[in-house]
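K.L.:
Using the sequences provided together with the hints, build the complete structure.
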Amino acid sequence: MGSNEYCATAQHSAQHRSQAVSTGAGNGLRDVIVYVEEGPRGVGNSENHAPVLLDQKDCMYVPRVIAMRTSQQLVVRNSDATLHNVHVYATENRGFNIGQPFQGIESNKTFDTHEVGIRVKCDVHGWMTGSIAVFDHDFFAVTAADGNFSMENLPPGEYTLVAWHQSLGRRTQPMTITAGSTPEVHFEFES
Amino acid sequence: MHTKSKTFGLMVPIIALAFLAVTRLDTDSPEHATVSGKVIFRGTTQSSELIEHFWPSHG
Chain R
1 MGSNEYCATA QHSAQHRSQA VSTGAGNGLR DVIVYVEEGP RGVGNSENHA
51 PVLLDQKDCM YVPRVIAMRT SQQLVVRNSD ATLHNVHVYA TENRGFNIGQ
101 PFQGIESNKT FDTHEVGIRV KCDVHGWMTG SIAVFDHDFF AVTAADGNFS
151 MENLPPGEYT LVAWHQSLGR RTQPMTITAG STPEVHFEFE S
Chain L
1001 MHTKSKTFGL MVPIIALAFL AVTRLDTDSP EHATVSGKVI FRGTTQSSEL
1051 IEHFWPSHG
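Protein chains in written order, with the numbering used here: chain R, 1 to 191; chain L, 1001 to 1059.
Hints in this document: simulated from the structure, not taken from any laboratory.
Since no wrong hints were added, every one of them can be taken at face value.
Not everything, but these chain R residues come out facing chain L in the computed CB check (under 10 Å):
| # | residue |
| --- | --- |
| 1 | Gly147 |
| 2 | Tyr159 |
| 3 | Glu184 |
| 4 | Val185 |
| 5 | Glu190 |
C-beta: ideal position from N, C-alpha, C; glycine also.
P.N.:
Structure representation (structure tokens):
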């Protein structure tokens, strides 16, 4: 069975979805990377972060958007019984293009430099696209299906908070953290 | 000599534990904040759960 036939079987969903814009409850926007742009870089320890998984399952990237620390391990897995390749277009980091022809095969990668918007695609299946963001601090999050996010342990200070979406661009807003505060920040995107 | 060595041997783990405790306190300081929020999409044409398209073979 060819690679496209495999992905087209009913078992692997006859209806493949472009998840470029995915919304949930209350029009919450999924897969937005929210992060502190200027601030406590170098804070935290990447060794405290468990490896993060980029899976290829049912001919989709799962998750589609990944935010991770510099030096954190990225495990790239092919859970499909068909050929995929993972083409990573980094500019600040070393990109890579690896073929994964077998089900269950894994490759381990790391990124050394802060970089947001690293494009990921499969050259075999054009609908398979994703993004990776790499941070040299701990203050980032990816919005859940309902658009919610949370970042812990941000020290007091003046920051610029950024919300970045692969298709819709980025929004910024200033944020002041004072001792003991529990700020709430909302972003809006339009098509 | 033996006593000095033993004392030094005890001090090393004590200092290490103290350092870890201070680091832990700094990381989880009550002065640090948890920032939470929501990102909303105000699109006019893309309000469904997923923007879907079909493979050419599926029309």
